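Those protein sequence lines, which keep their order, are chains V and R.
Position one of the first sequence corresponds to residue 1 (the working numbering), numbered consecutively onward.
Position one of the second sequence corresponds to residue 1 (the working numbering), numbered consecutively onward.
Rather than coming from a laboratory, the hints here were simulated on the basis of the structure.
These numbers were taken from a predicted model, which means no experiment stands behind them.
Be careful, since some hints might not be right.
[What the hints assert, rightly or not] In the DSSO-like style, the derived pairs of lysine-lysine whose C-alpha atoms are separated by at most 30 Å in a straight line are:
1) R:Lys97 <-> V:Lys98
2) R:Lys219 <-> V:Lys98
3) R:Lys183 <-> R:Lys259
4) V:Lys98 <-> R:Lys110
5) R:Lys219 <-> V:Lys90
6) R:Lys40 <-> V:Lys12
7) V:Lys98 <-> R:Lys259
8) R:Lys110 <-> V:Lys38
9) R:Lys40 <-> V:Lys16
10) V:Lys98 <-> R:Lys40
[Claimed, not checked] Quick look at which bits of chain R chain V covers, simulated, 3 or more residues with Cβ under 8 Å:
11) 81-94
12) 249-255
C-beta: ideal position from N, C-alpha, C; glycine also.
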Amino acid sequence: MKDINFKEVLLKPIFKGNPVTVLVLGICSSLAVTVQMKGALVMALSVTIVTGLSSFVVSIIRNTIPNRIRIIVQLVVVALMVILVDQILKAYSYSISKSLSVYVGLIITNCIVMGRIEAYALGNKPIPSLLDGLANGAGYGLILIALAFIREILGSGTLFGFRIIPQCFYDAGYMDNGLIILPPMALILLGIIVWIQRSIQKDLQEK
Amino acid sequence: MNTNGNTYTVIYSVVLVVLVAAILAFVAMSLQDKQNENVKIETITKVLNAATQIDASITIDENTDVLEMYSEKIDKAFYVDGNGNIAGEMEMGKDNKNNIQVPSTADLKKQNDILKKIDAAKDEAGKAKLLESLRLPVFVFDINGQAVTVIPCYGAGLWGPIWGYIALAEDGKTIDGAIFDHKGETPGLGSKIAEPAFYIDRFKGKSLGSGETIFAVEKGKHDDNPNCVDAISGATITSKALGKGINLWAKYCMPYLEKAAVSGTGASCGQPADAAQIADSTATAADTCAAVLINQMEE
């Protein structure tokens, strides 16, 4: 049995192997739910929990899964987790569940979840798989929150719904940037983040 | 063990799916009551929020006991049919606040379907029967001695249903407050109908007109048109759907609202409205409606 470097498992997805900026997975939802901080934060948490738990469960049953239907089995496990998260949010955190609306259900289609199961959980023990899932969820969440921070300030002048840009700016002619609310601007912002990361981390640059 | 055989694969998938279904069914059933309670409290909060907007000293936040406040402020809660007659009562929770009855979004949808059928109905007999079968929920609150009537509205937004509550003054026309909600409109665009910056700032001081276009949500400034509010930029379909929803519901609540305003039954603690004044406002409203209609056609 090979040794697992837990520190590496936990830290790599946060920056060096970030699922959004390096693996370029989960782009769709990082464009869709990053208009406001609150939504982005809950989405980040939900994805982290779902990736962690699904990797964990799939890793437990990894040796029993028939190879030909393994994607379907993974999908069933992920769907189970997503619906559980959705139901629990609806029962105990109703207002947040409302603000995320359909996007909780759409975690099922987030490539990071399936990607981590395929790439890691199928070949590793449950505990490292759990950590790998959680860390990848966190790496995704970090990018989500960074995007939401920029978009909410520039697009609505607020953070978590509280006004940040004072009213006197608006009186003096300042206007919220309507373009940044739209998904294309999020893609451009994401591109800038990737650019910054690649200029820091030279080994990612193609020759 | 051979995990690639056909028998194994089939048995494996059947067992897995049954197991997952059982877990989900169990979770859904055990959380059902809690979820329904959340939805009910949310509806009560919305109704109460719309009704209390005339009094800025009343604030409703997460710590407010909305059930208590509702049972205290509610004066009458009932269903009206399309002819303006009261056709049933709702439990107001005066004795036990846990018994408060409010319509669910599913109830609103059911009534909305009947409303759409009535609007499309060709023969008079069928239409009369449908009008008879309508059960539109109406709430009358007593806010500091003022009677505030709250009517619901419902419509189909861009991605899903949108609904809300509109509070009307004793004349049954002036909008005292409004609140809207949606199932899944675009965050940051259509979802803005559920933000105070939209439903308070733009609706306050507006009023319901009469005729075919009682109310509209259209783009542009409408300072001089009391029956129209400015749409949300970037959310044309949601805005239009909201206008249509308000218009449809207000149209069929109108028979009751007019009766209540004239006889003062809706305003148990207020003055009967001046009939001449109502006639007057109807005339001007008809003019502005025509203007709105022309605008729509031009677009």
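Q. Under the criterion that the straight-line Cα-Cα distance not exceed 30 Å, is the pair R:Lys97, V:Lys98 satisfied?
A. OK: R:Lys97 and V:Lys98 at ~25 Å, within 30 Å.
Q: Verify the proposed pairing of R:Lys219 with V:Lys90, using a straight-line Cα cut of 30 Å.
A: With Cα atoms ~35 Å apart, R:Lys219 and V:Lys90 exceed 30 Å; violated.
Q. Holds or violated: are the alpha carbons of V:Lys98 and R:Lys110 at most 30 Å from each other?
A. The hint holds at about 22 Å.
(Q) Tell me if the straight-line CA distance from R:Lys40 to V:Lys12 falls inside 30 Å. (A) 45 Å, violated
Q | Proposed proximity, V:Lys98 with R:Lys219 (alpha carbon, max 30 Å) | A | Judged against 30 Å, a Cα distance of about 27 Å means the pair holds.
Q. Given the proposed pairing of R:Lys40 with V:Lys16, does the C-alpha separation stay at or below 30 Å?
A. Answer violated: R:Lys40 to V:Lys16 is near 47 Å, above 30 Å.
Q: Verify the proposed pairing of V:Lys98 with R:Lys259, using a straight-line Cα cut of 30 Å.
A: Roughly 38 Å between the alpha carbons, so the hint for V:Lys98 and R:Lys259 is violated.
Q: Below or equal to 30 Å on CA atoms is what counts here, so check V:Lys98 against R:Lys40.
A: 14 Å, holds
Q) Checking C-beta pairs, does the region 249-255 of chain R have three or more residues closer than 8 Å to chain V? A) violated (count 0)
Q) Does the structure keep R:Lys183 and R:Lys259 at a Cα separation of 30 Å or less? A) Since the Cα atoms of R:Lys183 and R:Lys259 sit roughly 33 Å apart, the hinted pair is violated (cutoff 30 Å).
Q.
Would the hint linking R:Lys110 and V:Lys38 be met if the CA-CA limit is 30 Å?
A. Distance of about 33 Å is beyond 30 Å: violated.
Q: Test coverage of the region 81-94 of chain R by chain V using CB-CB distances below 8 Å; three residues minimum.
A: It is violated: at least three residues are needed, and the region 81-94 of chain R offers just 0 whose Cβ sits closer than 8 Å to chain V.
Of the numbered hints given earlier, the model fails hints 3, 5, 6, 7, 8, 9, 11, 12; all others are met.
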